[in-house]
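Student: Please build the complete structure, drawing on both the sequences and the hints.
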Amino acid sequence: MTLRRAALNTAATLGLLYILTPLIFVTWLAFFRQEIPSFPPEGYSLRWFAAILDQRKFVDGFSLSFQVGVLATVIGLVLGVPAALCVTRHQFKMRAPLANLLLMPLIVPGVVLGTSMYVFQVTMETALDVDVIGTFYALVAGHVVIVIPWIVRLVTASLAGVDRATEEAAQNLGANAFVTFRRITLPAIRPGIVAGALFGFVISFGNLEMSLFLVGPGRTTLPIVILQYLEWKIDPTIAAVSVVQIVLIGAAMLITDRYVKLARIV
Amino acid sequence: MAHLEIRNLAKRYGDFHAVRDVSLSVADGEFLVLLGPSGCGKTTTLRMVAGFIEPSAGTVTLGGADVTVLPPWKRNAGMVFQSYALFPHMTVAQNVAFGLEMRKVPRADVERRVEETLALVRLKGYGGRLPRQLSGGQQQRVALARALAIRPDVLLLDEPLSNLDAKLRQEVRVEIRELQRQMGLTTVMVTHDQEEALTMADRLVVMNEGEVRQVGSQRDLYERPTDRFVAGFVGRSTFLEGAVEAPGRFRTDGGLALACTGGMPGKASLSLRPERVEIAAAAQPGLDNSLPGTVEFVSYLGALIDIHVRLSPADRLVAQIANRDGGFAPEVGQHVHVGWAASAGQVFRV
Chain H
2 MTLRRAALNT AATLGLLYIL TPLIFVTWLA FFRQEIPSFP PEGYSLRWFA AILDQRKFVD
62 GFSLSFQVGV LATVIGLVLG VPAALCVTRH QFKMRAPLAN LLLMPLIVPG VVLGTSMYVF
122 QVTMETALDV DVIGTFYALV AGHVVIVIPW IVRLVTASLA GVDRATEEAA QNLGANAFVT
182 FRRITLPAIR PGIVAGALFG FVISFGNLEM SLFLVGPGRT TLPIVILQYL EWKIDPTIAA
242 VSVVQIVLIG AAMLITDRYV KLARIV
Chain V
31 MAHLEIRNLA KRYGDFHAVR DVSLSVADGE FLVLLGPSGC GKTTTLRMVA GFIEPSAGTV
91 TLGGADVTVL PPWKRNAGMV FQSYALFPHM TVAQNVAFGL EMRKVPRADV ERRVEETLAL
151 VRLKGYGGRL PRQLSGGQQQ RVALARALAI RPDVLLLDEP LSNLDAKLRQ EVRVEIRELQ
211 RQMGLTTVMV THDQEEALTM ADRLVVMNEG EVRQVGSQRD LYERPTDRFV AGFVGRSTFL
271 EGAVEAPGRF RTDGGLALAC TGGMPGKASL SLRPERVEIA AAAQPGLDNS LPGTVEFVSY
331 LGALIDIHVR LSPADRLVAQ IANRDGGFAP EVGQHVHVGW AASAGQVFRV
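Read top to bottom, the protein sequences are chains H and V.
Taking my numbering, the leading residue of the first sequence gets 2, the next gets one more, and so forth.
Taking my numbering, the leading residue of the second sequence gets 31, the next gets one more, and so forth.
Simulated from the structure, these hints should not be mistaken for laboratory data.
Quick caveat, the model's predicted, so the values are computed rather than measured.
Glycine residues also receive a C-beta, built at the ideal position from the N, C-alpha and C atoms.
Any given hint might turn out to be false.
What the simulated footprint calls covered on chain H by chain V, stretch by stretch (three residues with Cβ under 8 Å from a Cβ of chain V suffice, anywhere in the stretch; the number is not a length) [claimed, not checked]: (1) 161 to 172; (2) 182 to 195.
With the C-beta cut set under 8 Å, the calculated list includes, among others, these residues of chain H facing chain V [what the hints assert, rightly or not]: (3) Gly175; (4) Ala176; (5) Asn177.
Tutor: Encoded structure:
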């Protein structure tokens with residue numbers, strides 16, 4: 002028993018180390034003073050964090066990613082919450098296929114998703130004769146697709162814990178369907194909504210593969226900016242940007258975890 | 031409070047008849063209990079009265095007004111749910127106030143009525159707590175207070191005691207019944223627990239397979255069950271299968287000739303209440319029926335003892351005796367005589 006336990010602990014530690022080592026090194030690197038990353042460090046400094054702000058493309062990329070993330074999450078909520086309600090609460094013929102469809106973007110590789118969306122946008126642009134490709138809204142539309150599964154998944158999980166009888170009780174006491182939703186159902190699934198929104202935002206903010214197909218000239222998201230920068234330079238600015246990103250996403254995850262235990266859903 | 035009238039109510043799900051042609055009338059202030067095994071349609075009936083299920087046919091009239099097609103929120107029915115269904119994010123006081131808020135009762139009145147209602151269910155001072163901070167019994171009383179606060183035309187109780195432990199259940203039974211009498215509440219309760227039904231009801235409705243089998247007082251159901259199902263469901267009965275040969279003569283499948291009352295010739299069951307069967311060491315000449323048998327099983331219940339007696343390879347019955355000091359206490363394998371008056375048995379056609 003203790004042997005099995007030790008083996009398990011060792012495997013878990015090794016697994017964690019494998020995942021965390023790059024993050025630890027990136028974080029360490031961000032504080033190196035020298036331009037060419039090499040060991041041992043010549044000294045430590047915060048100059049690379051300051052350097053981020055000096056380069057417009059990082060600031061713009063961050064700002065775009067943030068805007069896209071927020072907007073995609075808001076739209077994702079408007080679409081995803083009713084979808085989750087529909088799929089968990091009603092019995093209809095296409096229920097199971099619809100439920101699967103809503104989660105589908107999770108399993109489609111980002112490159113495939115990006116390609117198909119690009120093709121779709123080309124078709125749209127030709128058919129409608131309006132600018133679609135490379136526009137801000139087309140980018141947001143793409144991100145909505147990858148945000149929805151997370152919102153649906155987390156809201157569905159929290160809906161499962163709602164006692165339907167409480168909704169009936171509210172109606173029995175005189176609340177119509179809308180008031181019942183607002184006063185009883187919504188407070189009960191709020192943790193799932195908050196968690197879904199934060200998670201969706203994180204997914205959108207960090208997305209690289211799909212976004213590569215959807216960005217337009219002068220409109221580049223942060224992960225793409227990082228990729229492009231890496232093609233020419235390897236100074237610790239990238240590490241500093243990554244640290245900022247890790248901290249932001251880590252914070253979002255920690256907040257999410259306070260509402261819904263992520264271990265239960267992911 | 032008001033009079034509740036259910037007429038020819040039915041609910042079908044495809045080919046499945048959950049409720050068939052149920053008609054009931056509940057007088058102002060009456061406590062009616064729907065009793066039956068699970069799946070008998072009692073809860074469906076209650077939910078149609080509350081408005082959660084739309085009937086396939088029939089009408090529900092509350093205080094003279096037809097409410098059959100009204101949504102639940104437009105009916106003035108207070109319901110206590112099996113799970114209590116308290117709003118977990120609201121305090122006890124907010125739970126009780128909810129229905130009043132929906133009715134746009136002025137703030138000051140709401141507070142007063144919440145206080146009053148909580149006092150009524152002996153929960154004064156608990157208004158600020160959350161449901162999860164209360165015991166099961168207290169939660170149950172909050173659910174009751176919440177339903178009563180709106181001064182409903184009818185109180186609907188859906189297995190309200192099934193989540194309480196046995197001892198608490200007995201106390202709460204009495205409490206609910208007293209409250210119902212004091213306030214003159216027209217009440218419909220659904221339960222599968224016959225003891226609960228017998229102790230609380232003014233009148234009982236026994237349902238099975240979506241149909242009303244019998245409506246009547248406790249005594250009616252126990253002494254004069256109209257069919258085999260009711261005889262078996264309310265109280266206990268043992269059945270001897272066989273046929274009526276001629277009025278007054280019953281022959282079991284095992285070949286025993288028994289005296290009974292009435293009955294048309296044909297296949298039938300003879301139903302006997304265990305406590306009406308006498309058991310003794312010797313034949314009992316004073317009784318219409320007296321038969322030898324062998325004790326097969328003894329079930330000791332404390333105050334009472336059940337004795338299962340084999341009369342023939344095909345016939346077995348249960349006799350119940352009081353556990354008295356020095357009384358007759360047969361053991362497994364012992365030869366005994368059982369007997370009963372012809373009037374103690376009931377014959378049901380099968």
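Student: Please name the hints from earlier in the document that this structure breaks, with their numbers sorted from lowest to highest.
Tutor: Nothing - there is no hint that the structure violates, so all of them hold.
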